[in-house]
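Taken in sequence, the protein lines are chains A and B. Convert by adding 2 to the 1-based position in the first sequence; the result is the number in my numbering. Convert by adding 554 to the 1-based position in the second sequence; the result is the number in my numbering.
A couple of the hints might just be wrong.
What the hints assert, rightly or not - As a list, the in silico SDA-like pairs of lysine to any residue whose alpha-carbon atoms are at most 25 Å apart:
#1 B:K795 - A:R144
#2 B:K655 - A:N257
#3 B:K808 - A:N257
#4 A:K267 - A:T234
#5 A:K131 - B:L569
#6 B:K655 - B:E584
#7 A:K247 - B:E825
#8 B:K719 - B:E584
#9 B:K583 - B:T572
#10 B:K614 - A:Y137
#11 A:K131 - A:D96
#12 B:K808 - A:R248
#13 A:K131 - B:E825
Unchecked claim - So the derived list for chain B, only partly shown, Cβ under 10 Å to chain A, looks like this:
#14 G592
#15 F608
#16 V678
#17 T727
#18 A809
#19 Q817
#20 Q819
#21 T834
What the hints assert, rightly or not - Okay, the calculated beta carbon distance ranges per label pair:
#22 B:F664 - A:D68: 40 to 50 Å
#23 B:G688 - A:G109: 41 to 51 Å
#24 A:E29 - B:R673: 57 to 67 Å
#25 B:K795 - A:E61: 45 to 55 Å
#26 A:D138 - B:G749: 31 to 41 Å
#27 A:A178 - B:P672: 44 to 54 Å
#28 B:L812 - A:T134: 44 to 54 Å
#29 A:D68 - B:D674: 24 to 34 Å
Please keep in mind that the hints were generated in silico from the structure rather than gathered at the bench. We put the CB at the ideal spot given by N, CA and C, even for glycine.
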Amino acid sequence: MRIEIKDLHFTYPSGVQALRGISLTIESGEQVAIIGQNGAGKTTLARHLNGLLQPTSGEVRIGYWDTRRYSTAKLAARVGYVFQNPDEQLFSRDVHMEVAFGPKNLGYPKERVEALVSEALEMTDLLQKRETNPYDLSPTWRKMVAIASVIAMDTPIVIFDEPTTGQDAATIERIANVIRVLRERGKTILTITHDMDFCAENFERVIVMSQGQVLLDGKANDVLGQEEILATTYVEPPQLTRLGKRLGFKETVRNEEEFLTALQKRWRI
Amino acid sequence: MAIVNLHNVTYKYPLTETPALQNVNLRVKEGEFVAIIGRNGAGKSTLCYTLAGFVPHFFKGELTGSVEVAGMDASKSHLHEWVLNVGLVFQNPFNQISGAKYTVFEEIAFGLENIGVPRDEMKVRVEEAMRLTGISDLADRSPYSLSGGQQQRVALTSILVMQPKVLVLDEPTSQLDPIGAREVFGVIRTMAEQGMTVVLAEHKVEWIARFADRVVALHEGKIILDGTPREVLTSDLLLDKGFGISRYTSAARKARELGLWRQEQLPVTLEEAAEGFALTPNASPKRRCESK
Numbered sequence: 003m004r005i006e007i008k009d010l011h012f013t014y015p016s017g018v019q020a021l022r023g024i025s026l027t028i029e030s031g032e033q034v035a036i037i038g039q040n041g042a043g044k045t046t047l048a049r050h051l052n053g054l055l056q057p058t059s060g061e062v063r064i065g066y067w068d069t070r071r072y073s074t075a076k077l078a079a080r081v082g083y084v085f086q087n088p089d090e091q092l093f094s095r096d097v098h099m100e101v102a103f104g105p106k107n108l109g110y111p112k113e114r115v116e117a118l119v120s121e122a123l124e125m126t127d128l129l130q131k132r133e134t135n136p137y138d139l140s141p142t143w144r145k146m147v148a149i150a151s152v153i154a155m156d157t158p159i160v161i162f163d164e165p166t167t168g169q170d171a172a173t174i175e176r177i178a179n180v181i182r183v184l185r186e187r188g189k190t191i192l193t194i195t196h197d198m199d200f201c202a203e204n205f206e207r208v209i210v211m212s213q214g215q216v217l218l219d220g221k222a223n224d225v226l227g228q229e230e231i232l233a234t235t236y237v238e239p240p241q242l243t244r245l246g247k248r249l250g251f252k253e254t255v256r257n258e259e260e261f262l263t264a265l266q267k268r269w270r271i
Numbered sequence: 555m556a557i558v559n560l561h562n563v564t565y566k567y568p569l570t571e572t573p574a575l576q577n578v579n580l581r582v583k584e585g586e587f588v589a590i591i592g593r594n595g596a597g598k599s600t601l602c603y604t605l606a607g608f609v610p611h612f613f614k615g616e617l618t619g620s621v622e623v624a625g626m627d628a629s630k631s632h633l634h635e636w637v638l639n640v641g642l643v644f645q646n647p648f649n650q651i652s653g654a655k656y657t658v659f660e661e662i663a664f665g666l667e668n669i670g671v672p673r674d675e676m677k678v679r680v681e682e683a684m685r686l687t688g689i690s691d692l693a694d695r696s697p698y699s700l701s702g703g704q705q706q707r708v709a710l711t712s713i714l715v716m717q718p719k720v721l722v723l724d725e726p727t728s729q730l731d732p733i734g735a736r737e738v739f740g741v742i743r744t745m746a747e748q749g750m751t752v753v754l755a756e757h758k759v760e761w762i763a764r765f766a767d768r769v770v771a772l773h774e775g776k777i778i779l780d781g782t783p784r785e786v787l788t789s790d791l792l793l794d795k796g797f798g799i800s801r802y803t804s805a806a807r808k809a810r811e812l813g814l815w816r817q818e819q820l821p822v823t824l825e826e827a828a829e830g831f832a833l834t835p836n837a838s839p840k841r842r843c844e845s846k
């Protein structure tokens, strides 16, 4: 499902101007990473997509729906949102109930709810923990419960707000796998992240935000190679991109495969 | 002189079967900067809680072995004594913010108020700490109106301002933007150079390699490696146990198989990687022709 944002401005009641003229189109089935310094407006932008925040001016369309005309409850059928802090969204007695809440609430038939819940629990490696109270799990597992509870809603658009925060390498790989599966299903995905290696290895399009505006928007290799511009919004290119630059590679590399190919090319083997 | 001395420490949380820490021996010298790495659930947070006195004083449970930190003994000292000597920055900044203060400035002063620091000194220390962590411009904002990363800097500042002898940090940069995370590592390094002892649990191996003196790898509650960043972060054992390693180390490992990494040591930092990869590889076409 397509997302269209036109000249979006948002000012918090405190007077902080968080968004200052954002225009973006994200096509159906696109996977986009949003990066940028703390306080750049990434989360504020994402919260406009399911109507948690309403534009001060400008508009946001989810499919043909203008978010000002539809409640968050209605938009929830189109936009799934995994919060940065899982504790803001977990409330059930056990993991199974937590994950079933969303699809049930959307009115899906019982069989479909069960199928979606089982699949979501499997994808997030939570099957063994289905009877555990989410608050008896570690924060990193609670984040996986939050992810499962949103993907079980089977919405056409899924937003992940810093999904890899505090996760170990194995869990980051599991989250990357969830995103791959959703991509194969044609979901539109928006992921806010500070993990540049995760961003480089899993997203084709990258949007860079700074002070409430879009600073860069394009193909991952084009965006992640612009070290000086990224530094203005406190972002550093991924490790291997920086290494490639240091070694004087002509092209921008962003993952191990591209790095090794460029290295072989350099020594002509 | 070791300021931290854990001897045969085994700890079980209440109502659990498996110990979260098993037979842990750790000595840390004054002014040393030690990084703790490990997978989720390895015991990193529990180790942080132990150093900060939360284990066993707050979490209860069953602790055996001896824990000595900054001259205090876990079996004898009370939590209020630990607070004066050891600062703990929580993994989740949302849990650290007191909820009792309206502004960031007051939030950071909260700890000093509680230990009765005079008003004038308090003001100077709060301003200095905020300058150090780069949040002076947030002074009048409500702690709850901040972004996750800004809150994390506030949480760190509220502990630094206490000037603890031992600073314990549980993933203090998890929500920071990339350059912000590197800067916070730099601030922590500076504190260590000024004599503060630092123990930091983190996943960001690139910055651990650059800033820490020593790395301890925890696996299933046990210390499996303890050494310099280079020794620990390039160990094959980390791969076997599913630890995250830097892209530099991992790319060099693959390159070595292709004959494109000729140094004996694998790199852990950008500088080491850039230096090693710039060397003409052994398997260059010319050399291969000569050997045939």
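Each hint, compared with the structure:
| no. | hint | result |
| --- | --- | --- |
| 1 | B:K795 - A:R144 | holds, 23 Å |
| 2 | B:K655 - A:N257 | violated, 45 Å |
| 3 | B:K808 - A:N257 | holds, 13 Å |
| 4 | A:K267 - A:T234 | violated, 32 Å |
| 5 | A:K131 - B:L569 | holds, 17 Å |
| 6 | B:K655 - B:E584 | violated, 34 Å |
| 7 | A:K247 - B:E825 | holds, 12 Å |
| 8 | B:K719 - B:E584 | holds, 9 Å |
| 9 | B:K583 - B:T572 | violated, 30 Å |
| 10 | B:K614 - A:Y137 | holds, 18 Å |
| 11 | A:K131 - A:D96 | holds, 9 Å |
| 12 | B:K808 - A:R248 | holds, 19 Å |
| 13 | A:K131 - B:E825 | violated, 43 Å |
| 14 | G592 | holds, 8 Å |
| 15 | F608 | violated, 15 Å |
| 16 | V678 | violated, 26 Å |
| 17 | T727 | holds, 9 Å |
| 18 | A809 | holds, 6 Å |
| 19 | Q817 | violated, 14 Å |
| 20 | Q819 | violated, 16 Å |
| 21 | T834 | holds, 7 Å |
| 22 | B:F664 - A:D68: 40 to 50 Å | holds, 44 Å |
| 23 | B:G688 - A:G109: 41 to 51 Å | holds, 48 Å |
| 24 | A:E29 - B:R673: 57 to 67 Å | holds, 58 Å |
| 25 | B:K795 - A:E61: 45 to 55 Å | holds, 51 Å |
| 26 | A:D138 - B:G749: 31 to 41 Å | holds, 40 Å |
| 27 | A:A178 - B:P672: 44 to 54 Å | holds, 52 Å |
| 28 | B:L812 - A:T134: 44 to 54 Å | holds, 45 Å |
| 29 | A:D68 - B:D674: 24 to 34 Å | violated, 55 Å |
The structure is inconsistent with the numbered hints 2, 4, 6, 9, 13, 15, 16, 19, 20, 29, although it conforms to all the rest.
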